[in-house]
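Chains A and B are the protein sequences, given in the same order.
Residue 96 in the working numbering is what sits at position 96 of the first sequence, and the numbering runs on without skipping anything.
Residue 97 in the working numbering is what sits at position 97 of the second sequence, and the numbering runs on without skipping anything.
If you are wondering where the hints come from, they were derived from the structure by calculation, not from laboratory data.
Don't take each hint at face value.
Label pairs and their in silico Cβ distance ranges [stated by the list, open to error]:
{"hint": "1", "chain 1": "A", "residue 1": "26", "chain 2": "B", "residue 2": "182", "range": "48 to 58 Å"}
{"hint": "2", "chain 1": "A", "residue 1": "67", "chain 2": "B", "residue 2": "134", "range": "50 to 60 Å"}
{"hint": "3", "chain 1": "A", "residue 1": "100", "chain 2": "B", "residue 2": "190", "range": "36 to 46 Å"}
{"hint": "4", "chain 1": "A", "residue 1": "105", "chain 2": "B", "residue 2": "296", "range": "24 to 34 Å"}
{"hint": "5", "chain 1": "A", "residue 1": "97", "chain 2": "B", "residue 2": "4", "range": "36 to 46 Å"}
{"hint": "6", "chain 1": "B", "residue 1": "190", "chain 2": "A", "residue 2": "10", "range": "16 to 26 Å"}
{"hint": "7", "chain 1": "A", "residue 1": "9", "chain 2": "B", "residue 2": "3", "range": "30 to 40 Å"}
{"hint": "8", "chain 1": "B", "residue 1": "220", "chain 2": "A", "residue 2": "13", "range": "29 to 39 Å"}
{"hint": "9", "chain 1": "A", "residue 1": "10", "chain 2": "B", "residue 2": "59", "range": "26 to 36 Å"}
{"hint": "10", "chain 1": "A", "residue 1": "95", "chain 2": "B", "residue 2": "278", "range": "32 to 42 Å"}
{"hint": "11", "chain 1": "A", "residue 1": "66", "chain 2": "B", "residue 2": "4", "range": "20 to 30 Å"}
{"hint": "12", "chain 1": "B", "residue 1": "4", "chain 2": "A", "residue 2": "67", "range": "20 to 30 Å"}
From the derived model, a few chain A residues whose C-beta atoms are all more than 12 Å from chain B [what the hints assert, rightly or not]:
{"hint": "13", "residue": "21"}
{"hint": "14", "residue": "39"}
{"hint": "15", "residue": "70"}
{"hint": "16", "residue": "74"}
{"hint": "17", "residue": "96"}
Covered stretches of chain B, as calculated for chain A (at least 3 residues, CB under 8 Å) [stated by the list, open to error]:
{"hint": "18", "segment": "20 to 31"}
{"hint": "19", "segment": "178 to 186"}
Glycine included, C-beta positions come from ideal geometry on N, C-alpha and C.
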Amino acid sequence: MAAVALLGSGALAGLAGGVEVAGVSYALFQNLSPGYGFTGIAVALLARLRPLGVLATGVLFGALEAGAGAMQREAGVPAVAVYVVEAVVILVVLLADAATRRQSVQAAA
Amino acid sequence: VTEPVTLLSGFLAATVRVATPLLLAATGETVSERSGVINLGLEGMMLAGALAATLGATAGGPWTGVVLAILAAVLLAAVFAVVAIGARADQIIAGTAITLAAVGLTGTIYREAYGAGGAGLSLPTLAPVALPLLSKIPVIGPAFFIQPVPTYLALVAVPVVWWILFRTRAGLVLRAAGEGLAMARAAGVRTSVVRAVATLAGGAFAGLAGAALVLAQVGTFAEKMTAGRGYVAIAIVVLGGWHPFGVAVAALLFGAATALQYVFQSLGLAVPYQLFLMFPYVLTLLAVGGVVGRVRAPADLGKG
Numbered sequence: 001m002a003a004v005a006l007l008g009s010g011a012l013a014g015l016a017g018g019v020e021v022a023g024v025s026y027a028l029f030q031n032l033s034p035g036y037g038f039t040g041i042a043v044a045l046l047a048r049l050r051p052l053g054v055l056a057t058g059v060l061f062g063a064l065e066a067g068a069g070a071m072q073r074e075a076g077v078p079a080v081a082v083y084v085v086e087a088v089v090i091l092v093v094l095l096a097d098a099a100t101r102r103q104s105v106q107a108a109a
Numbered sequence: 001v002t003e004p005v006t007l008l009s010g011f012l013a014a015t016v017r018v019a020t021p022l023l024l025a026a027t028g029e030t031v032s033e034r035s036g037v038i039n040l041g042l043e044g045m046m047l048a049g050a051l052a053a054t055l056g057a058t059a060g061g062p063w064t065g066v067v068l069a070i071l072a073a074v075l076l077a078a079v080f081a082v083v084a085i086g087a088r089a090d091q092i093i094a095g096t097a098i099t100l101a102a103v104g105l106t107g108t109i110y111r112e113a114y115g116a117g118g119a120g121l122s123l124p125t126l127a128p129v130a131l132p133l134l135s136k137i138p139v140i141g142p143a144f145f146i147q148p149v150p151t152y153l154a155l156v157a158v159p160v161v162w163w164i165l166f167r168t169r170a171g172l173v174l175r176a177a178g179e180g181l182a183m184a185r186a187a188g189v190r191t192s193v194v195r196a197v198a199t200l201a202g203g204a205f206a207g208l209a210g211a212a213l214v215l216a217q218v219g220t221f222a223e224k225m226t227a228g229r230g231y232v233a234i235a236i237v238v239l240g241g242w243h244p245f246g247v248a249v250a251a252l253l254f255g256a257a258t259a260l261q262y263v264f265q266s267l268g269l270a271v272p273y274q275l276f277l278m279f280p281y282v283l284t285l286l287a288v289g290g291v292v293g294r295v296r297a298p299a300d301l302g303k304g
């Protein structure tokens, strides 16, 4: 079962790479992916590993990264600053989760 | 045509030079993973260390750079510790976020400080220091004992970390937090404090690794210049079986795989060097899969 899941996940990752080359950058070069794989992990975990949630967090992170380019052109803020925003989003969600867990533990006790 | 001995000596020297930042980062990660904390922020902490070393070296010389690098990485490690240990959040997510934050912060600060052009900086670097007598040993001498100070720090850190982990009470407590969290807690160990200290120590090593990369290897800063070395260091810890000496051998192996490309270039061989960059990873996979040797992670690694 785990093996099938891993194979499927590999297939989807390959699809992501294929789409990037065939539909976005139209070229193959070294280090094609600027950390999409790792951002993908963050996107999945932020959605608490729910497929429909991934739709939301994926679009959120996509919007952030697409907006980053505009931000650099319009306001002169380096596009990489968007990673800080993404990181803060993740850390805040983690801390909020932890706080909720603590409350529910106290409520149970 | 280069003489074989010179070639070998140059290969070994390049191996050690490339391995130094990996060894430093992996040694730090060994400490934190032995306490049960897997730190995927390592990549980001190295990167932060690299930029801080650049800024510090520009302002006040290479040693100011080293100190700033350690401080910057420890600061990130502290944030990681608050979230992953203090709030018991998922270590993998927290670490990924720390690396993301570091990529963004270093990129932004670098562009603010040096402009978007990214012209090659000329930094005051750490020159190689020849150790008396030892550097006179043929072949091995120049490779291991005519190196910048961070290399010596890395080589000394390996036995010191081994001694602390396996021969002191503090090390026993640290390993207990990684192997049997519940039991350690029941025995009255303040496991969160132990893990936080181990994480901060790992951060300090990561900062030093970043400084070594900039000041003793590359000589300049570029965005995302760690280029996955933090993740490589995590693989090295696995291949080294979470043991300081094994980790040292594994780091040298990864260093050798990279250094081979220089040999190939000087020999004029048309083998793509990327092929050799793959071998250590294959070895790591085999090691984890139990094919080569037997390695086992600390039982409570990644568990809060």
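Here is what the structure says about each hint:
{"no.": "1", "hint": "A:26 - B:182: 48 to 58 Å", "result": "holds (54 Å)"}
{"no.": "2", "hint": "A:67 - B:134: 50 to 60 Å", "result": "holds (56 Å)"}
{"no.": "3", "hint": "A:100 - B:190: 36 to 46 Å", "result": "violated (25 Å)"}
{"no.": "4", "hint": "A:105 - B:296: 24 to 34 Å", "result": "holds (32 Å)"}
{"no.": "5", "hint": "A:97 - B:4: 36 to 46 Å", "result": "violated (59 Å)"}
{"no.": "6", "hint": "B:190 - A:10: 16 to 26 Å", "result": "violated (42 Å)"}
{"no.": "7", "hint": "A:9 - B:3: 30 to 40 Å", "result": "violated (50 Å)"}
{"no.": "8", "hint": "B:220 - A:13: 29 to 39 Å", "result": "holds (33 Å)"}
{"no.": "9", "hint": "A:10 - B:59: 26 to 36 Å", "result": "violated (47 Å)"}
{"no.": "10", "hint": "A:95 - B:278: 32 to 42 Å", "result": "holds (39 Å)"}
{"no.": "11", "hint": "A:66 - B:4: 20 to 30 Å", "result": "violated (55 Å)"}
{"no.": "12", "hint": "B:4 - A:67: 20 to 30 Å", "result": "violated (57 Å)"}
{"no.": "13", "hint": "21", "result": "holds (19 Å)"}
{"no.": "14", "hint": "39", "result": "violated (7 Å)"}
{"no.": "15", "hint": "70", "result": "holds (16 Å)"}
{"no.": "16", "hint": "74", "result": "holds (15 Å)"}
{"no.": "17", "hint": "96", "result": "violated (9 Å)"}
{"no.": "18", "hint": "20 to 31", "result": "violated (count 0)"}
{"no.": "19", "hint": "178 to 186", "result": "violated (count 0)"}
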